[in-house]
Each structure stands twice: as C-alpha cells, then as structure tokens.
Amino acid sequence: MTVLEDRARPRPLLSGHLDMDTGTFAKLPDPIAAPPPEVGAWSRWLGRIGLAAAAVVIAIERPGPWLPAAAFAFGLGLAWVAGWRGRQLRNIAFFLAVFTSGVNYLSWRFTVVAIGGHPLPGWIIGIPLYLAEMHAAIHTMGLHIGLWPRNPPAEPEAYYGRRYVPPELRVDPFRYPIYVFVPTVDEGEEVLRPTLTGIMAARDAYLEQHPYSEITVVVCDDGFVAKKDTVPEIAALCESLGVIHVVREVGGGAKAGNINHARGAVGADGDVLLGIFDADQIPRRDFFLKLVVGFDDPDVGWVQSGQFYGNRTNPVARWADDQQSLFYRLLCPGKAAHNSSFICGTNFLMRAKAIDSIGGIPTGSITEDFAASIRMAADWRAIYFTGILAVGLGPLDLGSFFKQQDRWARGTLNIMWDHWRDLLLPAPKGRKGLSAQQRAHYLLATTHYWCGVRDLIFCIAPVLFVLTGISGVRGATATDFLMYFVPYFALSIAGFWHAAWDITSWRCIIANYGSFPVLLQAAFRVVIGRKGDFTLTPKKRSTLSPWRTAQLHLIVVGFCLISFVKLLIRPGGAAYWLAGFWLLYLCLMSGMHMILVMLDSRQGRRERREKALFGTLPAQPLIPRPDPHQRRHRRRPVRRLPKPRTAFAGVVVGGAMLLVLDTSTMQAQSAPLHLANAALPLHPYVGVGALATPYAGTGVVQIEKTLGVTFGTTARTQEIADAFDVAWADSVATHGGVPWLTLVFSQNGKTSLDSSLTAIANGSDDDAISRWAQEIAAYGKPVYLTVLPQADRNYAASSGVANGGIPQDISRAWAHIRALFAAADAGNVSWVWTPGDPGADAAYAPPASQVDAVALTMAEFPKTTWADPTTALDAAAAEHPGKQLLLQVAVDGTPTQRAAWLEELAMAVSLRSDVAAVVYQEAGPVDDLSGKDALPWALTADPQTVAAFQKLSAQLATVINR
Amino acid sequence: MTATVPAASTAPAVTVIHTLDPAELAGPNPWQRFTETRFGRWLIARIALIAVLALQIALALRLHNTAFEDEGLYLYAGHHEIAWLLHHTNTYDNYATYFSGAPFLYPVLGAAMDGLFGLEGARALSLVFMLGATCCVWGVARRLYGRPAAACAAALFAVAAPTLFLSRLATYDPMSLFLLAFSLWIVVATARRWALLVLLAVPPAVLAVGTKYAGLLFVPTIALVAVFAGRYGGRERETGEARRRGWLAAIGRGLLFSGAFGGLVYGWLKLLGPAYVTGITSTTTNRASGGDSLGYILTLAAELGAGVAVLAFAGVWVDARLARSDGGSRGEVVSRLLLSLVLAGTVLLAPAYQVHLHTATSLQKHVGFGLVFAAPVAGVALAALLRVGGRDPRRLGAGLLVCLGLTWGAITQSAQLYDGWPNSAQMVADLKTQIRPVTDRILVEEDEVPRYYLSDLTQPYQWYSTFSFTYTTKQGKVLTGVPAYQQALADQYFALVVLRFGPTAALDNEIDAPLMAKKGYTLIAKVPDSDEYGTGYYYIWRSDNS
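The listed protein sequences derive, respectively, from chains F and C.
Count along the first sequence from 1, then add 10; that gives the number in my numbering.
Count along the second sequence from 1, then add 1; that gives the number in my numbering.
Treat the hints as calculated values from the structure; they're not laboratory data.
Each statement offered as a hint is correct.
Derived list of chain F stretches under chain C, where covered just means 3 residues or more per stretch with a C-beta under 8 Å from a C-beta of chain C:
#: 1; region: 92–100
#: 2; region: 772–778
DSS-like mimics (lysine-lysine), calculated; alpha carbons at most 30 Å apart, straight line:
#: 3; chain 1: C; residue 1: LYS433; chain 2: C; residue 2: LYS520
#: 4; chain 1: F; residue 1: LYS237; chain 2: F; residue 2: LYS621
#: 5; chain 1: F; residue 1: LYS760; chain 2: F; residue 2: LYS942
#: 6; chain 1: F; residue 1: LYS238; chain 2: F; residue 2: LYS413
#: 7; chain 1: F; residue 1: LYS760; chain 2: C; residue 2: LYS519
#: 8; chain 1: F; residue 1: LYS413; chain 2: F; residue 2: LYS621
#: 9; chain 1: C; residue 1: LYS478; chain 2: C; residue 2: LYS520
#: 10; chain 1: F; residue 1: LYS760; chain 2: C; residue 2: LYS433
#: 11; chain 1: F; residue 1: LYS760; chain 2: C; residue 2: LYS527
#: 12; chain 1: C; residue 1: LYS475; chain 2: C; residue 2: LYS520
#: 13; chain 1: C; residue 1: LYS520; chain 2: F; residue 2: LYS760
#: 14; chain 1: F; residue 1: LYS873; chain 2: F; residue 2: LYS942
Backbone N, C-alpha and C fix where the C-beta goes; we use that ideal spot for every residue, glycine too.
Modelling step: build the complete structure from the supplied sequences, incorporating the hints.
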C-alpha cells in the first residue's frame, strides 16, 4: 500500500533528488517484462554469508531483546525509506525481528539445556526438548524467509518464480498439445462428473481463444486393479462427455503408475504438456488460459496452482482448508519466488520433457509429486500461480483428514530418507545440483512433519516436570526467560498472525496440532522403515465415531489436569508456574481440537438424519474461501454525533454512576477503625517466655499442663526478618490474655549495620518495620511490643552504648519505629520499654509520652547476689511513674533458693497495683533452649520451683490492679 | 485395456457449478480509510520517526546505575535553588561560580522532576529532551534533504552512544542539546520565509547556552546554517517554487541571528552579575587544561562518533553529486556544498576543542552535540545507500548492516559509559545506617552522590570531599590540603570517612594512615564497586568517638 503525504509543502529546500516528499515513487519495472538488474553470484553469496555471519555473531554475543527491537525498528524505517509499503514492509520488519530473536533464543537456550539431575538425568528430556524447540524456531524462521518481499508483490493473481526471458528465447506456449489426466479408483460418477465437466469447460474456453491448440482429457481408471465396481459407470460417463477412458489391468505404482500407464496408452510423450487433476478437483474455466502462459520460458518444467476446498460447510473440510490456505497462499508463493516450489499432485501443468528427463513420474514414493519435483528442480524452473483455478472436496470427516495427513507425512518424511543426498551433499560430478535456496526450502518441507514428534515432546515436558521434577532446563532465571524467550515467542506469534491475516485462521494451527498423534505414528513407521501403502482420501463419511481419533488428546488433557492439581496443592517456584502456563496452553490447544471433534460428530449426526429423511445428502455448492486480495469491504455508514438530548441524558446517567461507584464517597460513610492497645489488666498476667531468638513458644502448652496454670500471656522474641505469628497471638488472646512480643534487629542472631540505632532512625529498616506494623494492625487485638531491648547495654543488637551508638540515638530510633506503626494504624500496640536497668535509665529512655509500659528484666545467676524484687520494682516505678510494669524473670540456683526468690517476687508484686505481667524466661539468658545450659533455668526443672510458681500464680490472681 | 477416443467436437457444452459470489465493487479497507484521513496521513508520514523514537526509548531505558556525580550535584543544587526561590533558605554555596551552566535553569527544572518522581523522573525529563532533539534532527533533515534522509538521520542520531547516554543522564546536556537542535530547526524551518523570522531561533539558542555554557561552541554553526539555508527565500507567486535569495541577503540573515544572539547574551550577563562571568570563564572559556593525550582523546571521539561522522562526510559528497545532477547553478551547488560541509564539520568541533584543552572530560556528552548537526547529512548518505524507492533487498541489507552495526556499537558503548561510575547503592545504604543529622561530619570522596541521596537526613555543611579542605586546629592554625586532612583525621574531626581510592587516590593514600592504623577509626564496611576501570572498594570508617 502506498500511502504518502499529498501536500506539497514542506519540500526539501535542496530540491530535486528525492521524490518522496513530492508524490509517488517511480514505478518499478515489471520483473517479467524487463530484464532484472545484473546481480552477480558473488552478491547473492555475500548476502547469504552475511546472514549466516550475523546469526553466528548473535549466537555468540547473545545481545538480548534489544537487537530484535532494533532490527524491527530499523527494518520498518529503512525498508520504508527504500520504498516498501504495507504488508511487505511489515514482513521485512518481522523477518528481521524473528530471525534475530530466534537465533538469540536458541543460542541462550542451548546454554541452559539440562544434562545432569535427579532422579533421572535431565538430558532425557532436555535434549529432545531443545531439538523440538529448534525445529519450531527454524520452521518459524523458514516461514518468514518465504515471506521476504518478492516481485511481483501479493496480488490476486500472480506468477511466482516467473522470470524475464529475452524475446529471442521465448517460445509460443499455446502450440503445445495438452494431455489432461484424471486418475480415479473408486470415486464413482457422482464425484467425477463435476470434475470432468469442469475440465471440458476449461478446455472449451482455452480452445475458443487458441483454436489451433489441442487438449486431450484422459480418465485413468484403476478401479479394475482395485477390484471396484465403478468402472462401467465411469466408462459411460466418459463416453457421454467425450473423454478418453483408460482402464489398467495390471497394477503397481499406485497413482503414479496409473498415470504413467495412461500416458503410454495415449502417447503423451515429446513436446507436450501434461495436466493432472485429482478426481474431486474441479477446474475453473480459465485454468488452461492462465497456466499455459507460464510455459513461454523453455526452462519452465511445471506450473502449479493451489488446491482449495469448496465444501467449507463441512467443519472438517473447513478446518483442513484453512490449513491448506496456509500452505498454498503463504508458503507456496514464497518457495516459488526462490524457484523452490514443488508439484502438489493436482491442479498443475507439467512439461512432458521435464518428467521424462527423470524417467517418468516416480512410483517408489507415496508422494510421487514431491519426489519428482526434487529430482527435476535442478534442471527445470517452477512457477506457482496464486489465483484460485480449481476447487475440490476437502476431507469429509476427521478419519479422512487424518488419513490424508498420515499419507502426506509418510510420503514427505520418506523423501527426506530417500533424497538426503540430493538435499545435503554436493551434486555428483557432471550433474547439476539443487541451488542453496532449493535445498533450504525442500529441507524445510521434508522436515515439517516431524512436528508430530515435536508436539508430543512439548506435551510431555511440562507434565514430567510438574509430576516428577525432572526438568529439561537448568539454570534459567525468570529474567532470562523475559530477556530471551518472551521476545522470541511474542514476535513469532505476532509475525505469524500478521502473515496469516486474512489468509487463514487460528483453525490451521489447531488442525496442525490436532494431527500430532497421526504424524507421530507416521514418523514412527518411517523410522522403522515401513513405507506403507498409497491410501486415497475417502470421499464418504466413515461410520466410526470421531471421538476415537481423540484418544491421545484426552490422555494429554488428563495428564495436564493431574499436573494442575499437583501445582495447586504444592505450588513451587516461578519455574512451576511457567510449566503451569504451558499446561494451560496445551489444555487450550487440545480443548480447541475437541471442538472440531464435537463439530464433526454433530455433522455426522446431521448427515445421517438427512440421509434418513431424503435418502441422499442434498447437493452443496462448492465455494472456496475468498481470495484475501479480493476481499470486499462494505463502507460503514457514517456515525453521527448523538442528538443533544441523548448526549445530555448520557452525561447525567454516566455522572450518576460515577458518583455511585466512587469509592471515596463510600469510605466517607464508614467510620475509621480505631484499634485499642492493652489496658492494665485487673490481675497481673502470668506466663512464660524466652530471651532466646527465635523462640516459638512451642512448649507452652506442656508447661501449662505441668503447672496446672492457664497463662495470661506468653512472651516471644522474634527477629525483624520474621513474620508476625497470628496463630500464636490468637492462642494467647483466646484466654483473654495479651501476647508480648520482643522485636530485635538482628539477623540469624547476628548484628549488622542495619541493626544500629542510627540505621533504624534513618529509615534503613523501614520496609521490614512497616511490614510488621501492617501485620500487627491486621491482627487487631492488643499486643505488648518491646523494641530496642536492653538498648542501654553493650550486648544489645541495637545498642546506645556500643557499635557507634550513643544514648541519644535510642529516642530517635524509638520515635521512628512508633511513627511507622502509627502510619500503619497499629493502635493495638502497647509500647514496652525494656532497658537493662529501668531504675536508672534516664539517659537512655525515650520520652515518657512514647512509652506505655516498662519491663523489668531479672535473670539471677548462681553464686551471685540476687536482686531484691521489691527494690527493683520500686526503682523502676519511681523512674517511670504511671506506667504499667512487666516483669521477665529467670533464676538458676538450688531449688530452695529459686522457690524462695519466687515467693519474694510474689510478695513484691502483691504489694503493687501496676504490674501487668510476670513472665518466667524458660532458659534465662541462654540462647540454646534445648541445650544443657538451659536446663537449670527451666521452670519445671525441680518440683519446688514448680510449686513456688503455682503459688505465685495463685497469689497474683488475688492482686487487684488500680 | 479399453480405450475410447470420441471426437472433441462432439463434447456437450457444460457449465461449472462452483463460482464465487457475484462481484461487488471492492471498497477500501478500514486501514486504507484511516490512511485517507488527515491524521492518518500525518501519522503514516512519520511512522519511521515513531519507530525510531520507540527504539530510542527502549535502548535508553535499559541503562541502569545510581546517580552520577554531576547528577547528584546538579539535582542537589536545584533543590536548594528552589528552596531559596520559595523560602530564601540559605544554599550554603554559590553555585554560579563553578557550575558550567546557569544554576537557576536546568538544576531547578531537574530538581522539580526529582522532587516529584525521584531520580528516574529527572532522567525521564532528559529522555524527553533527547527525544525532542531526535524530532528536531528529523525536522531539519526533512526540510533540507527530504523525508528518506530524515528517517535515516533520525535513526543514526537516536541510536548513537552519546544520545543514548544523554537520554539517561539528568544533567544540563540534554536540555541544552535540545534547545540547540530546536534553534537549528527554527533556522531551517524559517529559511523560506520572512528574514526576520530567524529571530525566533535566538531565544532557544540563548537558553541553550545559558543552560550549558559549552553550547556556545555550536552557535556559529546555526548562524552559518541561517546563511546557507537562507539562500532560498520565499516563493514565486506564479509557480510556488522556491525563490533564491542573494548571498548578501543570506549573509544578512545570518548576521541578524548572530547580532540578536550576542545582544541577548550580553544583556543577560550584565543582568546576572560577575559570579556568572566567573563561572563561564572557569568552566568553559578559560578552563584549566587537562593531561589527557591527543591519541586518547581522538580514539575516544572516534569510538563515539566516527560512524556518523564518516557517513556525514560521505553525505556531503553524495549531496554535492546530486546538486550537480540537479542542474543547479554554480552558486547553488556551492551553497549546498557549504551547508552540508558546515553541518558535517560541526561533528569535529567538540573533539577539536577538547584536544586544545587536553582533556577528555565530558567528551562523550559533547560529541552528542556535534551529532545533532552531522546526522542530517549522514542521513543523506544512508538514504543514498538504500536507493530511495528502489526496493532493492541487497541495498536494504547493506543499510541494515550499517545501522545494526552502529546500534550494536552504541548499545555496548552506552552501557560502558553508563557503567563509568561505580554503583553507589550499597555504599549509600551503609552510610545511611550510620549518619546522624546535623552533628556528624562526613568525609567522602565524590561526596555529591551520597549527599544527594541522603539529603533528607543531612545538611550541606556536614559533607566534605577529598578535592579541597581547610581545617583549623584546636590551636587555631589553619591548614589546607594533605596536612589538613591528616590533622582532621588525627583529631577524629570526621564522624565517618569514605574513601574509594578513585579520582583522588593519591591524596587518599597519603591520608589513610590513621585509618589503617585503627587510631580512632574502625572500618565498618568494605563495599565492592566496579566501573569501567575495574573492581574496587569503598572503605567506610567510623570514628570511635561517635
């Protein structure tokens, strides 16, 4: 599409040498009517070597997604400058981007192929998976190579592969006699009559314009060999239409043998053209008129036209036709532009000399057409005509479709087997070999049907990974996937859809994927050396259920679902979710194929019903998919602006809806939630805890049982990287108590720069603190929270007297933490200031307004003078008047000593009315709770202490706080 | 075998039962209809530019690093300038005396973006400026050489390493570069019109020079372009063809631009006072010479701009050939040649000036200024290589190889340039755990970066760098240089010391004895850093007195 600015200004000031600002390009010469520019072989090879070198450099350097992006942008911009427009312009950009991203991806992917692993070595799936991905990538690139802009550009009817022939070398193509062969086995009159009438009409149209030409129509009937009873009716039909009827009595060579035999019978040798039609392919009137033209070049061996299905009302035929369209409307023109098209078995004209140069149509292959093409291509040129010149019958049911796919797959894969020397090795001396382009395109064609194996690997890999953990990929990160896989995948998909737009539909992908069980079987048979027989695509519906063809798909879906369930029950990391994506993709593809199975099943029922009603199926007109280039676009009526009244009503209604849906107005109606912190309890709570970090408090229930006491609180110490344990807090709150949490800024028991008070005050730990604040706010019930414990001591994680800390830092850090909790609306926190010595902490303590409670820590060691609880409590209370007091105590001494001290403690607490909790620290100052050093500190270490604590607990229950 | 051969003439006439629907008139498809609209035409005509801009954005956004020293300095200064403008808060510094651009222009704008969106916001502003510059390159080339050359020119400029680098650098340069490009575009766009319209190009040129004083180097080129492009003035009333101006009229146009520019700059300097003159003198016009060798400077310049420069001079040759083939008069050919030559030659200005100064500092940025002028001519060469409208795949391949090769080089170089300074994230994070507002004194080599990142916690007077320092001892003795640092460290004057043995490695080695001997300082962190020169460490010391 040429779209240029039509305005004259601004024109280049230095005008004259560039015409793009002024209007249109100079029209390019017709490539057929004028000689092409002289391009030496060195130039072609330079281009190829350049492309290969670029691939090598990209593979080594792996520049990531930027190069495909640059290639796409530059391709678009420079090709635009160079004069390409529309689809061709975009094809250039997509080719460059897909090529660079594909090489980039394959190169990276190679580095992450799994080799070792457990329980099975990764290469078991790693290498097949890599080969499968390589197959897909190479074929994707091959598609885009075929799409590289060619002359003539895509037009409704164009000859691809036709070249300029100097007038003195041209020949009159209309002088060649034409023999048309229609091979048949059991199709019968019903199928054959429209074909023959179509051929006769085309013949008449041709002879009308070229009355001195000659077209002989021959029906090659193999019914006798195949022991079918259709021979008499075909003979009668031929007689009525005036065509030759040749019946073979000795079989062999299938379709190729049949045609070779008929050729001999009618003497179609020498300087003649041969046309071949399948029994169901009905040519249009201009078939010969259009195709014979191509033979004005004496080097042209054959002219092929497309094969399109007209019975698109049948779902299977429709899906198959979309698959065919991809091949005939997208791939064939591209191959032909590189002189690499091949004969597709029907709807073509061929020079008898060309086929005779290889000894006739090969009979050793079930895709004799393709085999003949490879052998002829070195010496003869090929042309592909893009117009619709014949319409045929597509497969009527899934069974037929798969049978057809199986035959093509076996034939094509066998050709790779039989002709690998022609495709891969240099030609023997004295013989002309295939060109590099032909080798590339034929290799792509012959390896295409390995896609069955490829799809199976794609199905197995994610299922295997999810169910067993065996991965084909090792060492790949999510970033790598984003850098390498995502650009390649996205560009491939976008490039394909762009190329296929209006030409085919998503059905072609599903039809291809749906065939994978059959293609798999075909590949297996080829590998074990069984070529199989030539099988005709049935022209009647099979009586078998189409669901029989979907067994493998159902198995795939089943495994995918099982894997999904496992993923949901035991979700893994990012790799598992990526596998989940593939499982979803597979389910989607298989599910889409099921739709075809369902449609086919429904069609079968409908046909049976109609047959029962009318005795036969009603005739359907054959209408092929419209040529994309003849698309019709109906101009939509101009939309007028809505009338003022309607517009006003719309604005009012829209505004009202916005008002209703405006969440801010809804929020305004509800009162903000205020959380309450812990008030001084009526009786002091009793509980246990530990100073060790971390302390989960798992033994609390056991201790409660041993003591026969229900704790009102449990103290716990956690590190900043941990998460708030709601279950623990709830278990305390269930008894009407309040959990007491101590938060320390160490990591795995070790301090770092982030533990320092300045770090906390300066915001280095804000993320973690805010997370704690949100979690505690979400909990909603009262919590005692100690932060910066023992900050007045040099052993504290966040110390105001060591590690660069100074006492003034404590208040800054404390205020900062409180501010973050306030920002999270964590009003349910009671802030517990826990210094080493609350009786003499004036230099360290945060302002009184920022403290709700003060904790007194008393850990009494053996062979030392133990503190007097009453004195310590009085001192702390005096230093922090009006604050709740919490006690955490632990004693290590003789049972008698311990019991006596606990009694003193009970007495001291009884004398006060401001103690909120007394917590016994299970392991005292010892970190290792289960170690032997912890044992002497344990509350349950001796019965005397247990009894004393029980007494203390009972005594505290009688204390009434103010 | 049976074979019956009836006569062809006896065959009955048959009709084909399959056919397409009756043909309807095919109308334009939706895309075609879109392209027929005014907006559609406008968009399609600029599709190459849009692709180039998208690529520039993508390639620029892939660059990541913490703030560069200059970014930190300018943005920090900008915040203080804003505070001074709004609240007359003390800036603690007279930025005008040592900044290479007016501190109230870019720094204020950059700091405003920094305040709203952080460093990425300030860098996004630079990206916008550079995208604007690409548009100007496109506009200039389109008007001078046509749209194909414009597309090529925009592509060459957009993916050059200096362009990508500047697209992610929150300093004066992108804004100044854009304003120069804008001024150039105005000069070209008004070439056919009334001569006085050239004055429209003066304010952006003055602003460009005000934003970064080094922009002055490129103003003569704009004046010369005003002369040579101004040879074509107005249109013939009858034909609408361009009417030529005489040489005198064209020169007059150039003088008009130069005079107005000079007058405005003079007035501005008079208005702003001597501090700005000092700044311009010390940073630009009379800058102290460096010690970089000629070979090093030329090699660096060639790595950054040789591709475009070579294409630009090739473009001069191509354009001269085209001018002759157009059949223009000798004067016309000469004026076209001179115009292209002036544009292409400007790419050499910055390297030449830096060779004169013996310094490679900021060369990577200044080469970018030259590319604005050279890229339009380089676009002519690339368009010629592609043979416009020829649809020759081989020429397309050659053009692609040139572009992708240059892009690849630019991707690598811009990444190298952006890794030219160490990533300071961990160092700043560690420093953040230690500093105390107001009271602590912090000595940091290249203090601009942590000062910028920690500006919410500290005051300007808390920061000291290893570039200059004066210390008064307890006895009242005033020391400078190494003795000052040594005495200050001995007195534990600094609460925190961060050395990385980078630009002031010699000084660092002389003053780190008390640190290494652990006399009063404790090494609290050794943070690895790596830049284009290799891997090193930030050593963070904390005073034991803190």
